[in-house]
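Colleague: Assemble the complex: chain A is given as a structure, and chains B and C with the ligands must be docked to it using the hints.
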Amino acid sequence: MSKKSPIIENLTRAVDGLNGIASWICNRLLELIVAITFMQVVLRYVFNSPTKWSEEAAMLCLVWYGMLATAICVRTHHHVAIVFFRDLLGETGGIVLDVFAHLVILGFALVLLFSGTKLVDLAGVTLLPASGIPKSLLYYSALTGGFLIALNALTNILTGSLRPSEFEDTGTTS
Amino acid sequence: MSAQGIAIALLLGSFLGLMVLRVPVAFALGMSSVVTAFYLGLPMLMIGQRMVNGLFSFTFLAVPFFILVGNIMTEGGISDRLVKFAEVLVGRFRGGLAQGNVVASTFFGGISGSSVADVASIGSFLIPAMKKRGYAPEYSVAVTVTSSVQGVLIPPSQNMIYYALAAGGLPISKLFLAGYVPGVLLSGALMVLCWIAAVRHNHPKGDVYGLRDSLGIVGRASIGLFTIVIIIGGIVGGVFTATESAAVAVVYALLVTAFVYRTMDRTKIRRIMAGTLASLGMVVAIIMTSSAFGFLLSYLKVPTILADYILGLSSNVVIILLMINLLLLILGMLMDMGVLILIMTPILLPIAVKIGIDPIHFGIIMILNLGIGVCTPPVGTSLMVGCGIGGVKIENTVRAMLPFYLAMVVVLMLVTFIPVLSLGLAGLLD
Amino acid sequence: MLASGTGLASAETVLRLAENQPETNPVTVAMHRFAELVGEYTHGEVKVDVYSGAQLGQEVESIEQVQAGIIDLARVNTVPLANVTPAVGVFTLPYIFSGSEHKYKVLDGEIGQKVRADMAEAGLVGFDFMEAGSRSFYTREGLPISELADLSGLKIRVQNSPISILMVELLGGVPTPMNYGEVFSALQTGVIDGAENDFVSFHTSGHYEVAPNYVIDGHLSPPAIVIMNKARFDSLPEDQQQAISKAAKEAAIYERELMFAANDKARTTVEEAGVSVVEIDNGPFQAAILPIYEEFPHLGDLIEQIRAVD
Ligand code: NA
Ligand code: NA
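Line by line, the protein sequences are chains A, B and C.
Residues in the first sequence are numbered consecutively from 1, following the numbering used here.
Residues in the second sequence are numbered consecutively from 1001, following the numbering used here.
Residues in the third sequence are numbered consecutively from 2001, following the numbering used here.
In isolation and in its complexed conformation, chain A is listed as follows (with noise of 0.2 Å):
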């Protein structure tokens, strides 16, 4: 892409920032992750009394922390792909399959938002059974990754970011 216009150039923005306040509360189910279990064993272990409650508020958390962090995986091309065939065709040929290839996830997204809807509807007002959390708090995380990966494949697709990752700033390599 040569020189991008403004309404591009501001909805790149938006959604970066989107994304940062994504990451952000990953980060922060991760933390709260640890926490709960970490809290679990000493509660055990030192007061001899366990909690009802932390085993699915953690897998709450990662499931949450799964929805969002697979959408930003979309904007950041962490995801695992092949790409045999993509580099066999060359310059042109490879941009229309990387096209492809955000097309098929923005229209699986679409689907996974309007599941969750769907869902946060049949689970109307049932608790989980241990916490008590609502169990839509559970279904909106769908609805939320569905928005959220079909946000980030539009806006690759917009701003021509569609190389697939080769994986060098993943930060586990050193």
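Don't read these hints as lab results, they were simulated from the structure.
Careful: at least some of the hints might be erroneous.
Here are the simulated BS3-like cross-link-like pairs (lysine-lysine), alpha carbons at most 27 Å apart as the crow flies [what the hints assert, rightly or not]:
1) K2246(C) to K2047(C)
2) K2249(C) to K2114(C)
3) K2265(C) to K1354(B)
4) K118(A) to K2230(C)
5) K2230(C) to K2249(C)
6) K2265(C) to K2105(C)
Modeller: Just chains B and C with the ligands, lined up with the frame of chain A:
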């Protein structure tokens, strides 16, 4: 073709097609499920329902902890000290670090019971370390992914518990004991392979240290190594569950790096969180969409159809065993291990018993077999995670793994046709 | 011994039934009987496909899938079902039945009918209740229970449900919700002191190897039930509806016999393996958990009615 046949072709065909066309694996699994659900007239909320509930499981709670511990160990310098420690042990040999990788997996795998968690934890510090020492990245990933298969064989193993339950009640203690010899056998085979590769490709020896230096390295490493002791000791000693011990290890590793090694700072913590987000996001996406995909495979009775087909072909024991192995290998390439154990055990175990196979022995065959599936494409979760961590392409890694696949299949054949390997130790309980 | 037909459905209507137990379990055997009977009574017009071993998901999910019409039928326990249709929760209360005779008088009688009718609100049809065992406590070596006081301070693994948790609390133990698959090694290593289940699960899970003290207090005896998507049921012609109900009733009675027999057999097996089985007067246990009943004011009437059945 029947409606069911069309649906199966649609599910598998669209999945493979999308994946070849560069769609990320997670979304190829997801979109093929959407298309098939649409064809079958199933309500679309099934997609989100399976994704959320597939992840809403205590089993997976340990995965983020292991990825996190691996990242903390790497960033905080524990892994550097651990690598030095491994070199003191096996560094004098050519390809010492690859050997160390296998040895480490044999111990670590016994902790996690999950080969994916093993790749995530060991891989996070040993893959970078091997790359740094000049091993080919693909080879580093291949060694790590392959040696993780021991994790499901050497107890404790969640998957063995699934098997015992699905088999309608087998003594779990026996099943656990039965896994040790095949696990160590696999480990030995991989070490031989690493040695051959080391000689052929002139892999580096590590530095050789004198006694004084060695003691110093062991001393410095031991504080960090205690992270591993927490995990092993916590579970074996009955202090924690697997998930809890991993959470305690996260806290301990953080404290050690922050206050003892004094290597932890804000920047590193930010890198740890970002690295975890990238690896975990990718893993978790596959776990979620493969639950939707797996639901449809079950719904369409794909596993049962395949089993019927294979048994229609022969009545010879050796041939049936070979065919069962082949069937499990194929399914293991497509689906999650735990799900497959639960689905296939009731279908295959009665057949195995009918041709005279001990149920404990069959369990070990099945688990090793599906374990191999975890490191093969297209749905090899361990392979994906390993490639993610190593920053290498799947297709290149698969090439590097060919000799390892061969070694695993050889061990699988030994375990399949020499029952005493599995039943010897277990027999001590009678 | 292969699972039923992988071939094509020649019948007009195919109903998919989710069962979370493996093929060998008596309840799964009964579900295959149900499928057979449905085929017989509808002259092959309706075919029930049994998906055993939780291949379509765990119980909580199966209930949701039946509600949403992803699948048609599921065999589930009443404990998770109480989350979506509260009245059935009354059968999941501790010591609510005084014995199996009383239990089936209640379940097969007016009260059972009323509770089943209540499921329509959740979009479900419930068929006849089935036996799912009677749960009692078991503990590690050296921690036998011969009276209520022995439970005091013991870490007991319970199902992740508020009733189970509160019950163990009131009995003086420390309730420890834990994934079922982890219980074996937790017992072996002493992370927990005991757990609770019926004889069949006690045997099949292998827990008897590491927890050789079983005390029959029969605290929980929640029945199982086959549920169906109501819209799907209503869409079938009258005669098919009746055929399905009839098949479900006969399968339920068959299942009860199988379960009782399996229970006796499991008890003999674990006793032969060296497990000490103790029968005790559970009077003090019943008295201790009375506050639980007050936690469920909406079930008050039903509790009284059940108590009135003799
Ligand atoms: Na293990
Ligand atoms: Na390894």
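Colleague: Each hint: holds or not?
Modeller: Going down the list of hints, with the structure as the test:
1. For the proposed pair K2246(C) and K2047(C), the alpha carbon gap of about 15 Å is at most 27 Å, so the pair holds.
2. Only pairs whose Cα atoms come within 27 Å are accepted, and K2249(C) paired with K2114(C) is accepted, the gap being roughly 16 Å.
3. Distance hint between K2265(C) and K1354(B) is fulfilled; the C-alpha atoms sit about 23 Å from each other, no more than 27 Å.
4. Proximity of K118(A) to K2230(C) is assessed by CA-CA distance (about 18 Å); at most 27 Å being required, the pair is judged to hold.
5. Between the alpha carbons of K2230(C) and K2249(C) the distance comes to roughly 17 Å, so the proposed pair stays at or under 27 Å and holds.
6. At roughly 25 Å between alpha-carbon atoms, K2265(C) and K2105(C) fall within 27 Å of each other, so this suggested pair holds.
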